[in-house]
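A.B. asks: Residues per chain, in single letters:
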Amino acid sequence: MSTTTLAAGVIGFLLGGLTVSIAAELEDDPGPTPPPSHGVGVPGPQPRR
Amino acid sequence: MNPRNAMAANATLHCLTGCAIGEILGLMIGTAAGLSDPATIALAVALAFLFGYLLSTLPLVQAGLGFVSALSVVFAADTLSIATMEVTDNLVMALIPGAMDGGLVDPIFWIGMIIALCAAFVVAFPVNRYLIGKGKGHALTMQHHDHADHHDQH
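Protein chains in written order, with my numbering: chain A, 1 to 49; chain B, 1001 to 1154.
Be aware that one or more of the hints could be misleading.
Chain A residues, not near chain B, derived (Cβ > 12 Å throughout) [claimed, not checked]:
#1 GLY9
#2 THR33
#3 ARG48
Calculated pairs, SDA-like style, for lysine to any residue (alpha carbon to alpha carbon, straight line, at most 25 Å) [unchecked claim]:
#4 B:LYS1134 / B:THR1084
#5 B:LYS1134 / B:ASN1002
#6 B:LYS1136 / A:ILE22
#7 B:LYS1134 / B:LEU1025
#8 B:LYS1136 / A:THR3
#9 B:LYS1134 / B:VAL1122
#10 B:LYS1134 / B:SER1069
#11 B:LYS1134 / B:THR1088
#12 B:LYS1136 / A:SER2
#13 B:LYS1136 / A:THR4
#14 B:LYS1136 / B:SER1069
#15 B:LYS1134 / A:THR3
#16 B:LYS1136 / B:ALA1083
#17 B:LYS1136 / B:GLY1103
#18 B:LYS1136 / B:GLY1066
The hints are simulated quantities; they were obtained by calculation from the structure and are not laboratory data. Here a beta-carbon is modelled for each residue, glycine too, at the ideal position from N, C-alpha and C.
Construct the complete structure from the given sequences, taking the supplied hints into account.
C.D. replies: Following this line, the structure appears as structure tokens:
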């Protein structure tokens, strides 16, 4: 087997690993967080004393 | 391209391929097994030398040289080149934040490997060029390939 073939195999393996890891990362990513609904979860104004 | 540069590039690529196979395997095993950084680097270096020598020895054995003779030629020719690559490769991997700790599913591991191997090529190329200029390094293994070719022609 020639060096060029082996080198191509190594490059392919590295790029394959990179692709799979990026795909795994995207799958784990829950995506962009939705903007908070108006008034929900936001504490209201505190009464002045 | 200058013939010496072409020969040095070929020698560096040849060395780098063996190193890369061992290095990737070592880092993969080390990170997957959760070994410490020094243990992972030690494993990667050991496998890189093993595969580096093996990849150069096998063609010489196929060319008719005895295994021990082939190994001694390769040992003299490739040790400095492989050592240069290993130092550069592991240094770059250690310097890239998160490359050693990320694990196989982290893209930074693979990006780090690609950058480290490219850096290893750039650093090892002038070393191989110098050795070839002195009639050492890959020039030694090429002599044995030439001898084998002459034997084939007779």
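A.B. asks: So which of the earlier hints does this model not fit?
C.D. replies: Of the numbered hints, 1, 6, 7, 17 do not hold.
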